[in-house]
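Protein chains: 6
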Amino acid sequence: MHSSQSHPQSTTTTTTTNNHHHPTFPPPESESETTWVWTQIKAEARRDAECEPALATHLYSTILSHPSLDRSLSFHLANKLSSSTLLSTLLYDLFLLSFSSDPSLVSSAVADLLAVRQRDPACVSFSHCLLNYKGFLACQAQRVAHRLWLQSRRPMALALHSRVAEVFAVDIHPAARIGKSVLFDHATGLVVGETAVIGNNVSILHHVTLGGTGKVGGDRHPKIGDGVLIGAGATVLGNVKIGEGAKIGAGSLVLIDVPPRTTAVGNPARLIGGRERPVRHEDVPGYPK
Amino acid sequence: MHSSQSHPQSTTTTTTTNNHHHPTFPPPESESETTWVWTQIKAEARRDAECEPALATHLYSTILSHPSLDRSLSFHLANKLSSSTLLSTLLYDLFLLSFSSDPSLVSSAVADLLAVRQRDPACVSFSHCLLNYKGFLACQAQRVAHRLWLQSRRPMALALHSRVAEVFAVDIHPAARIGKSVLFDHATGLVVGETAVIGNNVSILHHVTLGGTGKVGGDRHPKIGDGVLIGAGATVLGNVKIGEGAKIGAGSLVLIDVPPRTTAVGNPARLIGGRERPVRHEDVPGYPK
Amino acid sequence: MHSSQSHPQSTTTTTTTNNHHHPTFPPPESESETTWVWTQIKAEARRDAECEPALATHLYSTILSHPSLDRSLSFHLANKLSSSTLLSTLLYDLFLLSFSSDPSLVSSAVADLLAVRQRDPACVSFSHCLLNYKGFLACQAQRVAHRLWLQSRRPMALALHSRVAEVFAVDIHPAARIGKSVLFDHATGLVVGETAVIGNNVSILHHVTLGGTGKVGGDRHPKIGDGVLIGAGATVLGNVKIGEGAKIGAGSLVLIDVPPRTTAVGNPARLIGGRERPVRHEDVPGYPK
Amino acid sequence: MHSSQSHPQSTTTTTTTNNHHHPTFPPPESESETTWVWTQIKAEARRDAECEPALATHLYSTILSHPSLDRSLSFHLANKLSSSTLLSTLLYDLFLLSFSSDPSLVSSAVADLLAVRQRDPACVSFSHCLLNYKGFLACQAQRVAHRLWLQSRRPMALALHSRVAEVFAVDIHPAARIGKSVLFDHATGLVVGETAVIGNNVSILHHVTLGGTGKVGGDRHPKIGDGVLIGAGATVLGNVKIGEGAKIGAGSLVLIDVPPRTTAVGNPARLIGGRERPVRHEDVPGYPK
Amino acid sequence: MHSSQSHPQSTTTTTTTNNHHHPTFPPPESESETTWVWTQIKAEARRDAECEPALATHLYSTILSHPSLDRSLSFHLANKLSSSTLLSTLLYDLFLLSFSSDPSLVSSAVADLLAVRQRDPACVSFSHCLLNYKGFLACQAQRVAHRLWLQSRRPMALALHSRVAEVFAVDIHPAARIGKSVLFDHATGLVVGETAVIGNNVSILHHVTLGGTGKVGGDRHPKIGDGVLIGAGATVLGNVKIGEGAKIGAGSLVLIDVPPRTTAVGNPARLIGGRERPVRHEDVPGYPK
Amino acid sequence: MHSSQSHPQSTTTTTTTNNHHHPTFPPPESESETTWVWTQIKAEARRDAECEPALATHLYSTILSHPSLDRSLSFHLANKLSSSTLLSTLLYDLFLLSFSSDPSLVSSAVADLLAVRQRDPACVSFSHCLLNYKGFLACQAQRVAHRLWLQSRRPMALALHSRVAEVFAVDIHPAARIGKSVLFDHATGLVVGETAVIGNNVSILHHVTLGGTGKVGGDRHPKIGDGVLIGAGATVLGNVKIGEGAKIGAGSLVLIDVPPRTTAVGNPARLIGGRERPVRHEDVPGYPK
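Chains as they are written, first to last, in UniProt numbering: chain Y, 1 to 289; chain E, 1 to 289; chain V, 1 to 289; chain H, 1 to 289; chain A, 1 to 289; chain R, 1 to 289.
Chain Y with its partners taken away, still in its complex shape (with noise of 0.2 Å):
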């Protein structure tokens, strides 16, 4: 959380960033990639409970009691999203069972993990993020919600919407369909309608609308390429196609499709040139900082 905006005017130049001091990635191949994340994110919360005694109380609930990342995820979206009649002991079993029942909800939480990780400088620690990001947070639980819509308990997939809006102002409709490694930074306002689909390494700021025109029903969100950078405040309406690569200025309305590697900025929006370098890993818009 906490840091950065796409500058829309300044793409074209190479973002460069000295992650020195993110844990060396991938993980050495003898392990699972989410071993070696919550491994890491073990051993984290134990040096920070060292170092600050009140919070080992927070960090022993939320981590160091628990066998697995899938069990600590669940029992911390259980303790936050519940309410005076959706009990914590309820929503518990939910995401637990969810997550046993469906391995790629885990894996897509390590990948969101080790995007966050490696985009956002603001972000210190896996454990951090697992924590504290609402961005995160929110899209794990949209992502069992999702899995709730597909296996028509809509009543249960739209309860869980409700709770996410409230509690983490994250609005995304259960029936959107969302990739992997994706940061939602800040994640505050963000609003996704029921038929918009987010690619991978998709980097989405606060205050993001990808919602409809109000003119047709069916189909009528915008569709998010691999790799697009959507800075802050960004309104997308309509079945759009944004392209792979594209970024999307901060505070721009986009009514239009947007081409690859191009970026829009503007109200409305207007492109302002693609990208014809070949795409290499650090240049996907999605990993600006």
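In short, the hints are calculated from the structure, not lab data.
A hint or two may mislead.
To be verified - Partial list, derived from the structure: chain Y residues whose beta carbon lies under 10 Å from chain R:
#, residue
1, Ala49
2, Ala54
3, Thr57
4, His66
5, Ser68
Claimed, not checked - Using C-beta positions, here's what the derived DEER-type ranges look like:
#, chain 1, residue 1, chain 2, residue 2, range
6, E, Arg177, Y, Thr39, 54 to 62 Å
7, V, Pro53, Y, Ser152, 47 to 55 Å
8, Y, Thr39, H, Pro53, 48 to 56 Å
9, V, Leu150, Y, Leu150, 42 to 50 Å
10, V, Ser68, Y, Asp219, 54 to 62 Å
11, A, Asp102, R, Glu50, 23 to 31 Å
Note that beta-carbon positions come from the ideal geometry of N, C-alpha and C, so glycine has one too.
Using the hints provided, position chains E, V, H, A and R relative to the given structure of chain Y.
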């Protein structure tokens, strides 16, 4: 929640929506609107509780254990807005007494429920709106706060206002006047100032501000006419008049009067043509989806 | 809360407000500012408790049962920011200790209270601000988090930051530096990055972002000079300097330096004239209402 | 609470207590008993709130913010007896409705308050009893449960009974009949069976059991006459009759009828002489302190 | 709960109870006992929820939303025993894991439910016992604590024990061994020491102590044989043996062995005759009502 | 908790217990008793947290995150005794201030911890007692309430008393005077009247009543000398004097003075022989296990 946005460039197109999944409306003349809607809500909740036992507790607690809409709504709001120093029983008392003393509060809630159902394609049922729509709940709480304000119970009105702003991230001053059949869609970040007035059949999306200009005291906020539609992220400042049936494009900054049936878009906003067509029910811009 | 917005086109007009309902300020020399404000707050709360018995519990709990402002504020923040894994007693300890160790935290809170009272016509009393203003409460909690950050207690600083972001939808990085007499009006959706600096007498409305551009690491966020006013929904990105007494129009996107006493409006923002008048207290744009 | 026990060997001594600190009773004829007691309670609470600001919150919440005794009592019982699956608002409704439907529940509560005040030297005020006496609160909740039982709402009666048994460690079956002006002193561990009957002006200390013998079904529990006093730890088993004005010594095991104005002591209990004196108000053993 | 006590003087009388309102038992052979009882519980809860909508929330939350008895019981115990530092989700995990690892815990719970139903005329249904009987719930929690104790997880066993002692006022050391088909009636104040053993088919009333004599360490608490009945308030001290089918009168103090099928009454207790009758099912003193 | 009872018939036997698992006591002279005990508690909690990760949260919250015994105890009591109208932060303040104003409260708590550890073979560690012993916690809260009582803060003293009686089922009047090195074992149902006095080194089991006889006002409750042991379920009534080192048998009813080093048993109690042996530390009946 979660779906539609005004497309400012295309408001001349008639918006036709086949709401074939919506209930026949108006209800049969032989029963009151409130009774009819409450019956629908109970039936929906009963059906959902049967399909989804894990949600039954929530549905019984909020809807099925109550004999009437005003008690259900009082209970739901009291639990959502309570805090460690504002107990739910106290708020419950306050809401119950308000609803029973002023039946127009209940009929306005019913009108809002019908409006949401008709205008928001993502709204799957009345109970969905009653339980989950932050904008709907914030609006009902504001109407009660407004009543307290008029009774010179300002500290209580402001305490209620504060809880709504915190819990729902919807910040409507208790002195603001709000009409009937209002839809606050998504609602996160909505800010409405002290001397603002919102007419009937108005639809307002999230991140909208109806604010002052900071230059004058007294009557300093916008007056929104009947049937107006205001898109996401729009900012309307000053004691300006937005005429009946006008549309404000998403992301617009409006500092001037907007005539009836006219659309304003851009930052700063410019007007893009009035509409001469006779106003039919389905043409009022408040019903665009 | 709830009232005014900067009107970018008209900042040359002198803003004169007859705050005749405001207390005479500064307070008599014979007593300290903190004591005077606390006495006012107690008197207001006592009056409100008498008029509105239903609110007396809330007022006694938060104000009237406490011997001093710092204890009242610690109590109020601890209860609001507690969660099932961060108990209110722990947070209460943390706030109490911070306020007693660093008296400037209390004097800054008092300065903010006076600023809100003077600049926001919708603020009816000091106690109203102390109890209900999300921006005020978030700011005080951030100052404590900032102190923890400087003491290298980063995990605790970030935990506090996370709770503020979740409860108030106000997201100010604990490393950001904030001056005195600051008004965060409405405050929902405010985002302030890690290396941002906010001067004295600054007024910032809701949905404002002081973010990075994503191109560079290190010192990458805006520096806001004394007396600046930033309108609702404005986005200021990059390590730019907003000069003393400048105004940023609502909904503007600012990517460049803004000279002192100059107004910037639009997306992207353009400058519309400096002010040559000698700066008097009542002319500083942070006091526009 | 906390004071006196029957001394079985010495009941023939006239018990004279100088309750000079007690209010003059009965209250002036010009007002009802309920109104008079409620006025006293409010005055006491107001005085305590002034002396002890730290307690003001508690006193406003439970007493001073309520317009009448039945609302105060409903609020207090609802908060004490609520659980994560029996919400306080639901119980509040239940108590409010019961008290308003059956005014005898309120007048019985008032009679109990007067009884406690007159018989227990450790009771310093009506508000002290209303807020703090487990026996008083358990008794009022039982009367409501009894009413539900008679209305064939047995599951609700038993749920209420269960909460009382858990919260107060007082276990009175909802079918048991209890008179007026009853004092359950200390009350911890009191057990009263399904077919037991307790008359008017009865005083029962803690750890007392009015149970069955296990040999027969049907009407199998003791019948306690008016004005009886039962000492701490006494066990009365079977469908026996304890006559008017009788005394049961502390720690006694009673398996036989006890004639009026007679004392029973020991394990098993033996009778130690009736009392021939004409019964005056101050002689009834239920008023011994 | 709520009914019967042993009558020490009359144990030679055959106790015949016409439990005509009880379900036919044993259940049909074609299904397991656990399944059959769970089916009954669901049916009872469904019927109660229909009759009493105000209780439906409670019944769905605790019973109807769960797929099996062990999940329902885990949920109910976790919510009842949770505290601000022992979260319900943690306890839920602990109970779920215990029940699934050791099916005898579930079958013991079922045996207890059947025992309560058969012996306590005041028990109106299985669900009534499952939800409301402190003795039943304390016993199930103790069995889980006992399992933790045997696994050398003593701190957790003692933490659980402590919560049970606090919430239910039932204090059974986790090292004590408890058989099947046990009835702890009313249960308030029951204290069972570390080296005590309780056999099968035992019925123990409230305020009973199975304690040590304070003279020796090691194995120092009573051993209670199968089918024993211990009346309310009885105190059994030291490593004494209460033989199969014996009865201990209410209020007795037992410091010596009691032979099988013998009754002990008084303080100190004396034996009042063995029973020579052949033991039939309905004659075992554990089934007296 | 959970173990031993006085055996009335055999108090002449020297009670020797090999508490070889207990810490060497007294602690080394070079440190204070309080420091030494607190160091032990921290070490125990740390060891338990390592063995039982599921309990680490609880242990950090209650012990390991605190710098001193008085803060740990204040936190623990505040959380246990809080209610919806008596917030934990308020109680935390009250306890913290009491402990810091009156260091004898802390040294008494330490003396009690040492007493429990030495006399109760079921007590496995200091932390076990600190966290889990109802009698220990009730006693510490009573000492604070007693201090408030002496300061004429009676409403607060009674409010605290009421919470202790409700939460722990231990009912000690705040005016009662209690010595040091006191053990209230199991503690459920303990009732101590207003004018009772309890000396040093006293051990009292559960269900004990130190009550009045109901015949006189004023000084009407028992005076318990140093080193007295009172067995479970004993009832001592009236202003009688129980001499130093006396023993009261379980289940006894005592209405007369008991000379020093004498044992009283039965209902009513008779004396069974004084002890002429010179009193050595290990002979004082308060240390029987």
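Inset, instruction - Check each numbered hint against the structure and report the violated ones by number, ascending. - result: Checked against the structure, the only hint that fails is number 5, while the rest are satisfied.
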